[in-house]
Amino acid sequence: MRRHSRLASTLAGSAALLAAGAVHAQIEGALPAIAAEPHPVSVRLLCDADLIGPRQTFHVAVRFDVHKEWHIYWKNPGEGAMPPDIELTAPDGYTVGTVLWPRPTAVTTSIGPEYCYFDTAVLFVPITAPATLTDGTATLRVDTRWAACREVCVLGRVQSEVTVNTSSRPVVSSDGPDLELAAFRKRLPDPLADLAGAAISFEQNILTLGGPAGGMTRAAFFPIDRPGITYEATAVTVDGDRFRVVTRVGLTPHNAGDEPMVLAGLVTLGEKPDDPSYDFEIPLDRDLTWKAGALRDSKKP
Amino acid sequence: MKVRRLLTKMGVGTAVVVLAASATALAGEEKVAKIGEPAPNFTLVDSNGQTRSLSEYAGRIVVLEWFNTQCPVVQKCYRLKTIQTAHDRVMDLDKTAVWMAINSTSSTNAEQNAVWTKQYKLDFPILLDVDGTVGHQFDAKRTPHMFVIDQKGILRYNGAIDNNAYGSKSADETTNYVVNAVQQIVEGETVAPDMVKPYGCTVKYGK
Chain H
1 MRRHSRLAST LAGSAALLAA GAVHAQIEGA LPAIAAEPHP VSVRLLCDAD
51 LIGPRQTFHV AVRFDVHKEW HIYWKNPGEG AMPPDIELTA PDGYTVGTVL
101 WPRPTAVTTS IGPEYCYFDT AVLFVPITAP ATLTDGTATL RVDTRWAACR
151 EVCVLGRVQS EVTVNTSSRP VVSSDGPDLE LAAFRKRLPD PLADLAGAAI
201 SFEQNILTLG GPAGGMTRAA FFPIDRPGIT YEATAVTVDG DRFRVVTRVG
251 LTPHNAGDEP MVLAGLVTLG EKPDDPSYDF EIPLDRDLTW KAGALRDSKK
301 P
Chain W
1001 MKVRRLLTKM GVGTAVVVLA ASATALAGEE KVAKIGEPAP NFTLVDSNGQ
1051 TRSLSEYAGR IVVLEWFNTQ CPVVQKCYRL KTIQTAHDRV MDLDKTAVWM
1101 AINSTSSTNA EQNAVWTKQY KLDFPILLDV DGTVGHQFDA KRTPHMFVID
1151 QKGILRYNGA IDNNAYGSKS ADETTNYVVN AVQQIVEGET VAPDMVKPYG
1201 CTVKYGK
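Sequence order for the protein chains is H and W. 1 is the number of the first residue of the first sequence in the working numbering; add one for each residue after it. 1001 is the number of the first residue of the second sequence in the working numbering; add one for each residue after it.
No wet-lab data here; the hints were simulated from the structure. You can trust all of the hints, since none of them are fake.
Result set (EDC-like, lysine to aspartate or glutamate): computed pairs, CA atoms no more than 20 Å apart in a straight line:
1. K272/H to D65/H
2. K1141/W to D225/H
3. K1197/W to D258/H
4. K186/H to D275/H
5. K1207/W to E79/H
6. K1169/W to E87/H
7. K1197/W to E232/H
8. K1095/W to E1189/W
9. K1197/W to E259/H
10. K1169/W to E259/H
11. K1207/W to D1131/W
12. K1076/W to E87/H
13. K1197/W to D85/H
14. K1076/W to D143/H
15. K1034/W to E79/H
16. K1169/W to D85/H
Cβ pair distances, simulated, as ranges:
17. R1079/W to P170/H: 43 to 51 Å
18. D1123/W to T252/H: 33 to 41 Å
19. R1079/W to E161/H: 20 to 28 Å
20. E161/H to G1206/W: 41 to 49 Å
21. E1037/W to G97/H: 40 to 48 Å
22. T1051/W to K68/H: 44 to 52 Å
23. E37/H to G1059/W: 46 to 54 Å
24. S1170/W to E37/H: 29 to 37 Å
25. K1031/W to S201/H: 33 to 41 Å
To give a feel for the contact side, a few chain W residues facing chain H, derived at Cβ under 7 Å:
26. P1072
27. A1165
28. M1195
Small disclaimer: the values here were computed from a predicted structure and weren't measured. Yeah, the Cβ is synthetic: ideal placement off N, Cα and C, and Gly gets one too.
Start from the sequences, fold in the hints, and give me the full structure.
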């Protein structure tokens, strides 16, 4: 499958993206001094396919470039403000998947940890084309909102679109490198279920995760917010070449309502953005137990 | 993992005017409010200079809204009338209910809040908690951060105002947790959810 990185926004579009962000900061900046500054985040869209065929899955990547004194947030901001919101509208027949988030950086604050992105973060949105396509184009519209914070926070919003070429026939793969997005793909977590030697248990409200540390000496656990689930005391260790995460889980089913209760989180190894990280989702049964083996896989592109 | 220490600081260029607000807790008690337990009493002065205590509203549902005029998320909530609409719906559910905003920003003052009240034509008070005592009693972390107290003084809800942090969801997709909680209290039901992680700016307590 041919895969080429592509700066999907036109030059005029990029200027509009930046201008829209700057205008929005002036409207919603917290203090006059902050509001008068250029918006600290610029956003642009990339697409990992310039030609798609029937049933093909491709990705729209939303790239955030964040000014050095500012940060935005991971899907669980911790004690931070709020994560970015990406609303992607595709033509009829296209299936839009769940946003894929790269590993964050934990920042300790006076009220607790914040889970942040600094410098550059690229979020991937998987999209699957319908079974039948015509030769032509398809336009995907993306409405991106975020909170960028320093001592104070400013809100940003950009509405943009990307157009891809469509083929009525399957697109044959080629060896084209995906240069711009390849580096950012490495920052996406792999499923913990796919890690050879990984072990997971959940008994008496204690979640225990373990696996090979791959030579890394540091590990960290990032909880993912789910209704009715809270993570309490957590211990993370690397001993020999194995990492171990032990965390007490608080379960309040009445806060989940009709939604299933799912333990979800991210384990990171090392410190660099493209060091290994593994995510997991553990759906609980009605009796709030988990049967070993029932793990959901994330879909890394 | 590399960890950076980032302490909460006051914003640049902020004019600091400290109002001498009287904030008293029950003598000898400094516990943090918890769901299912009595909410801690407090006494604060509002932006019109009127003293208000939680205890004077015994027998009535009380909604507390942590608030900061300088938070863009609060600004968005008021611009989109999220707060005002929730307030009106709460009053429709129970005409005796009380809604009070509390500003625990260390740099706030009565004038800022009075201007806001006038701008948005609010008919509920904004209380000044400059030293953050009451904010810490409730462990208010965000603006907005909502608390609902029932007629018996029991804390029944703690958390976000709704599930629409950016105002991007349609009305059908939006759940207002405060209105939900008040309705369930009025109908004698269990409040569920009773805790939802709040979104927004951190409360700008003093150092």
